[in-house]
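J.: Spelled out from the first residue to the last, the chains are:
Number of protein chains: 2
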Amino acid sequence: MADKKLVEAITSMEEDFAQWYTDVVKKAELLDYTSVKGCMVFKPAGYAIWELIQSQMDAEFKKTGVENVYLPMFIPESLLQKEKDHVEGFAPEVAWVTHGGLNPLQERMCVRPTSETLFCDFYKNEIQSYRDLPKVYNQWCSVVRWEKETRPFLRSREFLWQEGHTAHATAEDAEARTIQMLNVYADFCENVLAIPVVKGRKTDKEKFAGAEATYTIESLMHDGKALQSGTSHNFGDGFAKAFGIQYTDKENKLQYVHQTSWGTTTRLIGAIIMVHGDNSGLVLPPKVAPTQVIIIPIQQHKEGVLDKAFALKERLSNFRVKVDDSDKSPGWKFSECEMRGIPVRVEIGPKDIEAGKCVLVRRDTREKIECKLEDLETEVAALLDKIQVEMLERARAHRDAHTYVAKNMEQFEEIFATKSGFVKAMWCGEQACEDTIKEKLAVTSRCMPFEQEDIAPTCVCCGKPAKKMVYWGRAY
Amino acid sequence: MADKKLVEAITSMEEDFAQWYTDVVKKAELLDYTSVKGCMVFKPAGYAIWELIQSQMDAEFKKTGVENVYLPMFIPESLLQKEKDHVEGFAPEVAWVTHGGLNPLQERMCVRPTSETLFCDFYKNEIQSYRDLPKVYNQWCSVVRWEKETRPFLRSREFLWQEGHTAHATAEDAEARTIQMLNVYADFCENVLAIPVVKGRKTDKEKFAGAEATYTIESLMHDGKALQSGTSHNFGDGFAKAFGIQYTDKENKLQYVHQTSWGTTTRLIGAIIMVHGDNSGLVLPPKVAPTQVIIIPIQQHKEGVLDKAFALKERLSNFRVKVDDSDKSPGWKFSECEMRGIPVRVEIGPKDIEAGKCVLVRRDTREKIECKLEDLETEVAALLDKIQVEMLERARAHRDAHTYVAKNMEQFEEIFATKSGFVKAMWCGEQACEDTIKEKLAVTSRCMPFEQEDIAPTCVCCGKPAKKMVYWGRAY
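Going down the list, the protein sequences come from chains A and B.
For the first sequence, the working numbering assigns the number 1 to the initial residue and increments by one for each residue that follows.
For the second sequence, the working numbering assigns the number 1 to the initial residue and increments by one for each residue that follows.
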C-alpha cells in the first residue's frame, strides 16, 4: 500500500511526458524550486550526480592538458560590448548589477552569461609571445541568463556548467582543439552517461554568437525530442581582433591568436533522466550513480539480518554502497530506491542467509539474480559493468529506431505529423530553406553530422542541389 | 644572471612585508588583477591549490555526514531583510541586481554575500518532522561583498568559499555541530596546511551578524599579524523564528529548529603564503602542492639525461610530479621552482646517472640530500612526509615565539609598541574595555580561547575582576 502510493505519485510518461519529467525530478529529490524566480536548488541527490559528472569529466579534460582557473562573475558593460555579434546575442538576457553597497556603480556590470569577454581581457595581458601559447583553460562555475520560461536542469536563470576557453597560435591548432573537445564530450556521454550522441556542425543560423563554427553533440530523449548536450566553438581570430590579443611569432612578427570555447551544463542531468528514466522513476548509469548499490534487509528485526547487511556493505566498500535500515517496509524501500534510480539492489533476509545467498535486482531491467554470498563482490562488479554497457545499447537502439529519413517535403511532413525523433534530410545550405522548414514543421536543424550520407541529390525543401545532410528535430 | 633577475623581483619580507606578499602572489602566478575592480583571476597555479584544499576538506566534511547542495546566487531583498541583525550586517556591502535583460526587476536582488537567508527559505519547506532532522548541507561557491579595499586572497569583492548550513532538533545538537566543524577546520589547517591555529570563541562585538555564538580559528602570519582562518556559528533558534522553520517532534508538538553555519575561504591560500613563504617565494606544504616533485635534468642535451629524467618521473607517478625539460638554464629552473614553492626538487645529470644517484633538494630548508636511484620512491615519500611535519613544527614554534602575555595596560602597550604577534590578556567581559583597547592599541580581540589560562585576576584594561583570557592582535 505504502509503496504503491509512492509510485502512483509519478505520472506515466506515455500520459504526459513533461509531467512525468517534473515528477521524477521532484520525487527523486534532485532539484526544487525556490522563491527566487527561475532559480533552482540542487538537493543532495541532484548535486551528487553533478559532482560525479564534474570529477570524471575534469579528469578527461586534464588528460588533454586543460588547466582550471577562475575568473570574476561580473562583466563590465563596456567589455561585453567589444565583440559585436556576441553582445547582440547575450545583452537581451543578462542580469545587470547597478549598485555596490549603498552606491550606484559608475559602470553597470552583468553577471556572466558566458565568459568569452573576460577570458579575452585576461589573455590580452597573459599572451605576449608564441612561448605563451597555447592557453588551454577551463572553469567550473555558474552563469546567469534571464530566461522567461524555465524548466528543471534544462533551462534556468542560473545554471552550473564548465566553460573551456583556449588560445592558439594557428587556425589549425584552434580547429583541432575544437574537435578534440567535442570528442571528449561525445566519449564522455557514451562511456559515462550511457547516452549516444550525433556529432556534427551547427548551421550558421544556429551557431554561437561570435563563433566562426559551432560543433555540437545531439542526443535523443525518450519522447523523441532532441537535446543539445554540449557545444564546442571555433572563434577564429574574431575575438582576438576585437580585443587585440596578439603574440610575436618565432620570426618576431605580431600575429592574432585563434580561439575556441566549449561547454557542457547541468542539462546533462536532464538528459540522463529523459534517456534512461521509466515510469518507476530515475534510472542512473552506474558511473554517475551517487549510490550504486543499496542493500535492503528483509525481516530486519530478526537476529543477524542487520549485522549481515552491514557486513555485506563492508565487503562492497569499493562501490558507492548504502544499507537502508530505516523502519520503512521492504516494499516501500524497493519503490524508493527505484524512484532514485539506484542501479543495483541487494535483498538479504533470514532465508537467504541460511542458504548462503542473496538476491541482486537490476534497476534498469528489474531482472532478479540469485547470487552466492561468496561471489558477491565479483558479481556486483560485473553486474554494474553490464548495466552500464546495456544502458548505452538500449539508448542507442531507441535513438536509431527513432531516426528517420525524408527525401522530400511530403515525407518530411508526414514523419513529424505522426512520429517524433531525428529526421535526416538533405539541405541546399540556404537559410531560407532552414527558415521555411522551421516554420512549416516546427523543427530546427540540429546539426550537419560528421558522418554524412547521400540520401538524395536535392534539398528537401527547395529542390535545388543538396550540399549537406542535416539532422532535424524538435528540441528542448 | 637570468635566475638572479627572477629572484631579485621579490621584495624581501623584512623590507616590506606587504610588497613581498604581492610579489609572491604575482611571481608564483597564483592570482592576477582584472579590469573588474576588486575582482581577481585565479590562475592555474592558484586555482590548483584551491582544488586540493577543496577535495581534501570536502572528504573530511563527508566523513561527518555533510551533503553538498547548490542554492541560487541571488537573494530577493525581502528575504535578506527577514533577520534584523543579519541584514544590518550585510546590506551595506552587497551588489544589487536591478535589471533582468531589458526590464527592471519588480524586486531587486543582491548577489549572495552569504546564504543563511536562502538556506532558511529552503529549510522552511524541507523540514516538517523530527524525521527530517538534522539537515547537514554545504555548498562550494563564490560570494560577493562590495569591499572598498581589496587584497589578493585576503579580501576581494568576489571570493570562493564553502558555507555549511545545518538545522537540528535541539540546541545541544546545534552546539555540538558548531564545535565539530570548528575542529574539522582546525585539524585541516594543522594536518593539511601545516598551519597551527588557536581555537576559541569570538566576543559579542566580533561575532557574525545574526549569530548567538561565533567560534573561530586564528592563525599567526610571519609578520606577526593574525588571520581569522575559519569560523563556525551557532544561531540558536533566531533565524528559525524569523523564517518560521518548525518541525513536529515525537510528541507531535511544534518546535523551532536550531541552526549553524560555518565557512572557510580562499584566504586560506593567503595564510599558506604568509605562514610558510620566504624571500625566494612560495613554500607549499606537500599536501596542497599542485606539483610535489620537480625533476630538473642537468646538462639535458647529453645523451640519456632526459630519458633518465622521464624514467624517474614514471617511477614517481604516485606523486604529483613534473619534469622541467624547457630550454631554460638549470639555475633559472631552480629559481623558478623555488618561487613556485615546489616541495622537492630532484636534480639528475650525467655524473649522477653514472654514480647511480640523484640529488634531492628540500624547498623549505634548502637541504640537499644524496639519494641512491634505487631508493628514490621511498626516499621521496619519506621526505614529503617529513617536510609536511616539520613545516607545521616550524610554524608552531614561530607562533609560540610571537605569543606574549600582558598582565596590565603598560605591558600591553609596550608589547605592541615593539613587537607583533598574539597577546594574551585578561578581560572583564565588557565591550567598553574592548573598544578602549582597540582605540589605544589598534588591535582587536581575536578570540576567547578554549584553553583558558589564569594570567591575572583583573581585566587588563579596567582593573575589574577578569572573566576571560583573550587573544589580541592586529589582523588581516
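Hint data in this document are derived by calculation from the structure and do not stem from the laboratory.
Hints are not guaranteed to be accurate.
Note that the list lumps identical chains together, so a pair holds whenever it fits in one copy or between two copies.
Said to hold, decoys possible - Straight-line distance between alpha carbons at most 20 Å, and here's what the computed DMTMM-like set of lysine to aspartate or glutamate pairs gives:
1) Lys241 to Glu149
2) Lys207 to Glu93
3) Lys26 to Glu451
4) Lys438 to Glu88
5) Lys253 to Glu377
6) Lys37 to Glu451
7) Lys62 to Glu314
8) Lys63 to Glu51
9) Lys419 to Glu126
10) Lys467 to Glu206
11) Lys63 to Asp324
12) Lys328 to Asp85
13) Lys62 to Glu51
14) Lys372 to Glu206
15) Lys287 to Glu453
16) Lys205 to Glu77
17) Lys135 to Asp435
18) Lys407 to Glu379
J.: Provide an ascending list of the numbers of those earlier hints which the structure does not satisfy.
T.: 1, 3, 4, 5, 6, 9, 12, 14, 15, 16, 17, 18
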